[in-house]
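**Student:** As a plain string of letters, each chain reads:
There are 2 protein chains.
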Amino acid sequence: MAKSWGDLVDGVKGGDLRSLARMITRVENRASGWKAAMKAIYPAAGRARVFGITGSPGAGKSTLTNKVALGLVEKGFRVGIIAVDPSSPFSGGALLGDRLRMGDIATKEGIFIRSMATRGALGGLCQGARDVSRILDAYGMDIVLIETVGVGQDEIEVVKAADLVMVICVPGQGDGIQALKAGIMEIADVFVVNKADREGADEVVADISMMLELSSEADGKKPPVMKTSALNGDGIECLVDTIIEMSEGKQRPEAQEEERIREEILLLLEREVALYVRKVWAHNGSLQAAVEQVLQGKSDPYTIAEEMISVIRDRSSGETRGKA
Amino acid sequence: MAKSWGDLVDGVKGGDLRSLARMITRVENRASGWKAAMKAIYPAAGRARVFGITGSPGAGKSTLTNKVALGLVEKGFRVGIIAVDPSSPFSGGALLGDRLRMGDIATKEGIFIRSMATRGALGGLCQGARDVSRILDAYGMDIVLIETVGVGQDEIEVVKAADLVMVICVPGQGDGIQALKAGIMEIADVFVVNKADREGADEVVADISMMLELSSEADGKKPPVMKTSALNGDGIECLVDTIIEMSEGKQRPEAQEEERIREEILLLLEREVALYVRKVWAHNGSLQAAVEQVLQGKSDPYTIAEEMISVIRDRSSGETRGKA
Numbered sequence: 001m002a003k004s005w006g007d008l009v010d011g012v013k014g015g016d017l018r019s020l021a022r023m024i025t026r027v028e029n030r031a032s033g034w035k036a037a038m039k040a041i042y043p044a045a046g047r048a049r050v051f052g053i054t055g056s057p058g059a060g061k062s063t064l065t066n067k068v069a070l071g072l073v074e075k076g077f078r079v080g081i082i083a084v085d086p087s088s089p090f091s092g093g094a095l096l097g098d099r100l101r102m103g104d105i106a107t108k109e110g111i112f113i114r115s116m117a118t119r120g121a122l123g124g125l126c127q128g129a130r131d132v133s134r135i136l137d138a139y140g141m142d143i144v145l146i147e148t149v150g151v152g153q154d155e156i157e158v159v160k161a162a163d164l165v166m167v168i169c170v171p172g173q174g175d176g177i178q179a180l181k182a183g184i185m186e187i188a189d190v191f192v193v194n195k196a197d198r199e200g201a202d203e204v205v206a207d208i209s210m211m212l213e214l215s216s217e218a219d220g221k222k223p224p225v226m227k228t229s230a231l232n233g234d235g236i237e238c239l240v241d242t243i244i245e246m247s248e249g250k251q252r253p254e255a256q257e258e259e260r261i262r263e264e265i266l267l268l269l270e271r272e273v274a275l276y277v278r279k280v281w282a283h284n285g286s287l288q289a290a291v292e293q294v295l296q297g298k299s300d301p302y303t304i305a306e307e308m309i310s311v312i313r314d315r316s317s318g319e320t321r322g323k324a
Numbered sequence: 001m002a003k004s005w006g007d008l009v010d011g012v013k014g015g016d017l018r019s020l021a022r023m024i025t026r027v028e029n030r031a032s033g034w035k036a037a038m039k040a041i042y043p044a045a046g047r048a049r050v051f052g053i054t055g056s057p058g059a060g061k062s063t064l065t066n067k068v069a070l071g072l073v074e075k076g077f078r079v080g081i082i083a084v085d086p087s088s089p090f091s092g093g094a095l096l097g098d099r100l101r102m103g104d105i106a107t108k109e110g111i112f113i114r115s116m117a118t119r120g121a122l123g124g125l126c127q128g129a130r131d132v133s134r135i136l137d138a139y140g141m142d143i144v145l146i147e148t149v150g151v152g153q154d155e156i157e158v159v160k161a162a163d164l165v166m167v168i169c170v171p172g173q174g175d176g177i178q179a180l181k182a183g184i185m186e187i188a189d190v191f192v193v194n195k196a197d198r199e200g201a202d203e204v205v206a207d208i209s210m211m212l213e214l215s216s217e218a219d220g221k222k223p224p225v226m227k228t229s230a231l232n233g234d235g236i237e238c239l240v241d242t243i244i245e246m247s248e249g250k251q252r253p254e255a256q257e258e259e260r261i262r263e264e265i266l267l268l269l270e271r272e273v274a275l276y277v278r279k280v281w282a283h284n285g286s287l288q289a290a291v292e293q294v295l296q297g298k299s300d301p302y303t304i305a306e307e308m309i310s311v312i313r314d315r316s317s318g319e320t321r322g323k324a
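Protein chains in written order, with my numbering: chain A, 1 to 324; chain X, 1 to 324.
The shape of chain A in the complex, shown without the other chains (with noise of 0.2 Å):
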């Protein structure tokens, strides 16, 4: 039996799992109600500190995740993890990899584990970690790991969202370099080398270093450097130690936290917009014919756009005005 938002919602503030998995679900989905369902979570979060972590593929970003949850919930933490997975859109990767993680650790009490396809996040990928993390948070995890792999735009704009953010760099594979390139060196507030049991270990903190050095502030705060090695443990209980520290220091800057605000306000409403034409238009023989128009030559998507946003702006400005 489907249950109604409410119960939902209820249910995932009173800590009930089946509550939980289900109600990510449906505002995955966007189901009808979801915005609704949103505002009556809201108030119930902002508890959680969310930690983006990211890395380069093959930096054992997954393992260490797992391990980090696990030394957490050791130390009496709930954790949430989202795992953002560049998925297939064809093959159904997300659910491939829930699957594999699953062995892991889904089954650990105090452990809930979500993976979000890029594909499958209809409200964005961003806003969809967001919506995520809040239900998490609301259900009452301590904190919330949001691992992606930090190559796509979406994939940074989900690790700027969060309050923290871990870059993950492993030996032997120009790292340094990888970071820099998908631009989070400069947002990091912990590195850690995983895989340090590997040669070249050093050589990695020692180019991280340097860079921080080169790129840092005046001022000079700089990110630890941590080494790992999720294969055998080692240096494992330091960072989640650091990782609880962090998640107890003190919070954004209120102009900070007025940006991610007003950014969520326009993303929102930027993808309701876009949801909202797309509906009118694809169901609307006008789309059709125009898009007619552009495979015999007569004209041009441009063109097309250019007239079809007219009719949008000619009307709301008008009334924008008015209202303003």
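Possibly wrong hints are sitting among the right ones.
Chain copies aren't distinguished; within one or between two, either way the pair holds.
[Claimed, not checked] Computed list of lysine to any residue pairs in SDA-like fashion (alpha-carbon distance at most 25 Å, straight line): (1) Lys279 - Gly124; (2) Lys279 - Glu254; (3) Lys227 - Gly200; (4) Lys160 - Ala274; (5) Lys160 - Arg78; (6) Lys108 - Leu17; (7) Lys35 - Ser299; (8) Lys3 - Glu186; (9) Lys227 - Glu259; (10) Lys160 - Glu186; (11) Lys160 - Arg271; (12) Lys35 - Tyr276; (13) Lys108 - Ser4; (14) Lys35 - Lys221; (15) Lys160 - Asp207; (16) Lys160 - Gln288; (17) Lys222 - Ala31; (18) Lys279 - Pro43; (19) Lys108 - Ala21; (20) Lys75 - Val225; (21) Lys160 - Gly124; (22) Lys221 - Ser19; (23) Lys298 - Leu212; (24) Lys298 - Ala44; (25) Lys13 - Gln293; (26) Lys298 - Ala40; (27) Lys39 - Val205; (28) Lys35 - Ala274; (29) Lys227 - Leu295; (30) Lys39 - Gln293.
These are calculated hints, taken from the structure and not from any lab test.
Based on these hints, arrange chain X on the given structure of chain A.
**Tutor:** What follows is chain X alone, placed relative to chain A:
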């Protein structure tokens, strides 16, 4: 002196290199008048074949793309390269990438290379790559190679918008699974196992062939799997010949072409609407007031976005119903 759009368009069509570079920059920046300029370019484009080239980081895409471009030029083709660079939003990675590649081939007659930052593309990465491809096409390029790291969803969309898709794998990265995860396996027209001088190349070829076997349709036309070594040049000439052959192959089916046009119109439209919305509300006291309400805990982003959208929706739906 700033050239007019008309001069730039004429310059591009007449094969003037400086006009080409300037026009691309202005269109990427969405400088006022960009759409009219693209309308003027549109009829002159449509002749070049566009290859999307993707693969995991470290697969040697850049080097291979350069070698392929040189091989094509030797056979009398003119080649445009668009390097989609998941660059830093802070440190201007794309510029760096440009400079790193310059020495190689950028001064070669018949080749034009352009980096496109995931961050820089104001119109969205996918549309940006489409626009630049069209300008290169109108300039007279026979083949456009769009090289991207196939990890983010944005980048997959870029590759999907190309006429033909090449997926590059390397030994020792578990690439069979990497490619599957990235969702490009299903849309590949040709697979290349690069760094074939390394151990394990034949295993990668076998892995890919097996996956293709498993996933192939009943009609059974499978994409070729080729081996190259950008290091010693093995297999490059054969790959170049394959690319030429494919570029002369049949056009895509009309239904598929129709779908692409529809998507492009909707994307352009969505982006226009989103930019418009952002402009109107960002420079408007109502957004700032809303942000403060959220900061003070009196409202939440979902409620605010919903209130804001209702204005556009109410007005424009009345209008489009009137028009339909």
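**Student:** If a hint holds in the structure, say so; if it does not, say that too.
**Tutor:** How the hints compare with the structure:
{"no.": "1", "hint": "Lys279 - Gly124", "in the structure": "both (17 Å within a copy, 20 Å between copies)"}
{"no.": "2", "hint": "Lys279 - Glu254", "in the structure": "between (37 Å within a copy, 23 Å between copies)"}
{"no.": "3", "hint": "Lys227 - Gly200", "in the structure": "within (12 Å within a copy, 30 Å between copies)"}
{"no.": "4", "hint": "Lys160 - Ala274", "in the structure": "both (23 Å within a copy, 21 Å between copies)"}
{"no.": "5", "hint": "Lys160 - Arg78", "in the structure": "within (23 Å within a copy, 40 Å between copies)"}
{"no.": "6", "hint": "Lys108 - Leu17", "in the structure": "within (12 Å within a copy, 61 Å between copies)"}
{"no.": "7", "hint": "Lys35 - Ser299", "in the structure": "between (39 Å within a copy, 13 Å between copies)"}
{"no.": "8", "hint": "Lys3 - Glu186", "in the structure": "neither (44 Å within a copy, 37 Å between copies)"}
{"no.": "9", "hint": "Lys227 - Glu259", "in the structure": "neither (33 Å within a copy, 49 Å between copies)"}
{"no.": "10", "hint": "Lys160 - Glu186", "in the structure": "within (10 Å within a copy, 31 Å between copies)"}
{"no.": "11", "hint": "Lys160 - Arg271", "in the structure": "both (19 Å within a copy, 22 Å between copies)"}
{"no.": "12", "hint": "Lys35 - Tyr276", "in the structure": "both (15 Å within a copy, 23 Å between copies)"}
{"no.": "13", "hint": "Lys108 - Ser4", "in the structure": "neither (28 Å within a copy, 65 Å between copies)"}
{"no.": "14", "hint": "Lys35 - Lys221", "in the structure": "neither (40 Å within a copy, 46 Å between copies)"}
{"no.": "15", "hint": "Lys160 - Asp207", "in the structure": "within (23 Å within a copy, 36 Å between copies)"}
{"no.": "16", "hint": "Lys160 - Gln288", "in the structure": "between (39 Å within a copy, 22 Å between copies)"}
{"no.": "17", "hint": "Lys222 - Ala31", "in the structure": "neither (43 Å within a copy, 38 Å between copies)"}
{"no.": "18", "hint": "Lys279 - Pro43", "in the structure": "neither (31 Å within a copy, 29 Å between copies)"}
{"no.": "19", "hint": "Lys108 - Ala21", "in the structure": "within (15 Å within a copy, 56 Å between copies)"}
{"no.": "20", "hint": "Lys75 - Val225", "in the structure": "within (23 Å within a copy, 50 Å between copies)"}
{"no.": "21", "hint": "Lys160 - Gly124", "in the structure": "both (14 Å within a copy, 19 Å between copies)"}
{"no.": "22", "hint": "Lys221 - Ser19", "in the structure": "neither (42 Å within a copy, 46 Å between copies)"}
{"no.": "23", "hint": "Lys298 - Leu212", "in the structure": "neither (55 Å within a copy, 40 Å between copies)"}
{"no.": "24", "hint": "Lys298 - Ala44", "in the structure": "between (55 Å within a copy, 13 Å between copies)"}
{"no.": "25", "hint": "Lys13 - Gln293", "in the structure": "between (53 Å within a copy, 24 Å between copies)"}
{"no.": "26", "hint": "Lys298 - Ala40", "in the structure": "between (50 Å within a copy, 13 Å between copies)"}
{"no.": "27", "hint": "Lys39 - Val205", "in the structure": "neither (44 Å within a copy, 51 Å between copies)"}
{"no.": "28", "hint": "Lys35 - Ala274", "in the structure": "both (16 Å within a copy, 20 Å between copies)"}
{"no.": "29", "hint": "Lys227 - Leu295", "in the structure": "neither (57 Å within a copy, 38 Å between copies)"}
{"no.": "30", "hint": "Lys39 - Gln293", "in the structure": "between (43 Å within a copy, 14 Å between copies)"}
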